[in-house]
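A.B. asks: Sequence:
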Amino acid sequence: LAHNFPHVPLFASKEFAGTSRRGLYGDVVEEIDWSVGQILETLRAEGLDNNTMVVFTSDNGPWLSFDAHGGSAGLLRDGKGSTWEGGMREPTIFWWPGKIAPSLVREMGSTLDLLPTIAAITGASAPSDRILDGDDLAPTLFHNLPSPRESMFYYHGQEVFAVRHGMFKAHFKTKTSYTGQRDPEVHDPPLLFHLGHDPSEKYNIAQEHPDVIDALRQLKTEHEASIVHVENQLDKK
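Per my numbering, the very first residue in the sequence shown carries number 74; after that it's consecutive.
For the record, the hints were derived by calculation from the structure and aren't laboratory data.
Warning: the hint list may mix true and false statements.
[To be verified] Using 27 Å as the maximum straight-line C-alpha spacing, the simulated BS3-like pairs for lysine-lysine come out as follows:
1. 275 / 153
2. 309 / 153
3. 275 / 293
4. 248 / 310
5. 275 / 246
6. 153 / 248
7. 87 / 293
8. 275 / 310
9. 153 / 310
10. 293 / 246
11. 246 / 153
12. 248 / 293
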């Protein structure tokens with residue numbers, strides 16, 4: 074279900090107008106909460122809740138050029154269109170009564186992991202004719218085990234701008250979200266941040282960890298060598 078809330082242009086039904094302290098954006102979030110609740114209640118009413126996994130997530134961070142209507146990433150840096158954490162990191166909720174126990178998971182995951190995870194849960198076979206970039210998160214969801222995902226590659230278009238492994242994240246190129254910076258800035262050596270200590274990516278610690286920089290460079294090289302580029306479908310329009 075592609076829920077277009079809270080994307081701009083914002084609107085809220087009259088039943089939710091003025092119901093939050095966050096203005097129109099908050100009203101929209103209140104309506105999202107209600108509408109998702111309607112779906113869950115229908116699953117319960119039809120007796121499907123114990124046999125249905127619901128995943129609630131998003132595709133990017135806030136669209137900062139729209140100010141209050143674009144959302145907020147809180148302490149995370151920047152927003153939609155950038156490879157800073159504010160542009161890429163979103164919360165995700167997995168809901169499956171009787172199967173997934175309520176808990177808070179701080180481990181790494183990606184929407185790329187949905188395919189192998191759902192394939193494993195349903196007993197389906199994932200495609201074997203290509204390299205899959207996703208990991209099976211089922212052991213994390215059902216048994217609270219550590220996430221198998223250790224690395225993340227942050228793309229801007231078809232180019233890797235940043236690489237994360239564990240808590241360390243290196244930026245090889247940076248660009249702000251849509252407005253204010255036309256061309257990306259190249260960093261050599263790359264910027265390095267420890268997301269556990271510095272989730273706002275304020276303090277570059279590259280000079281203190283040259284070994285980490287070398288390891289992340291190698292990860293980037295190996296990943297890029299595994300990529301088979303396909304024709305850009307947007308070029309056909």
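A.B. asks: Taking the hints in turn, state whether each one holds.
C.D. replies: Status of the hints after comparison with the structure:
Taken as a hint, the residue 275 and residue 153 pair is honoured in the structure, with Cα atoms around 18 Å apart against an allowance of 27 Å. Under the criterion of a C-alpha separation no larger than 27 Å, the hint pairing residue 309 with residue 153 is consistent with the structure, at around 25 Å. For the proposed pair residue 275 and residue 293, the alpha carbon gap of about 22 Å is at most 27 Å, so the pair holds. With a C-alpha separation of about 26 Å, the suggested pairing of residue 248 with residue 310 holds against the 27 Å cut-off.
A distance of roughly 16 Å separates the Cα atoms of residue 275 and residue 246; the hinted pair therefore holds under the 27 Å criterion. This hinted pair checks out: residue 153 and residue 248 have alpha carbons roughly 11 Å apart, not beyond 27 Å. For the given pair, residue 87 sits about 49 Å from residue 293 by alpha-carbon distance, which is inconsistent with the 27 Å threshold. About 40 Å separates the Cα atoms of residue 275 and residue 310, which puts this hinted pair outside 27 Å; it is violated.
Simply put, residue 153 and residue 310 have alpha-carbon atoms about 24 Å apart, close enough for the 27 Å limit, and the pair holds. As the CA atoms of residue 293 and residue 246 are separated by approximately 13 Å, the hinted pair is consistent with the 27 Å bound. At most 27 Å may separate the alpha-carbon atoms for a hinted pair to count; residue 246 and residue 153 meet this at roughly 16 Å. The straight-line distance between the Cα atoms of residue 248 and residue 293 is roughly 18 Å, inside the 27 Å bound, and the hint therefore holds.
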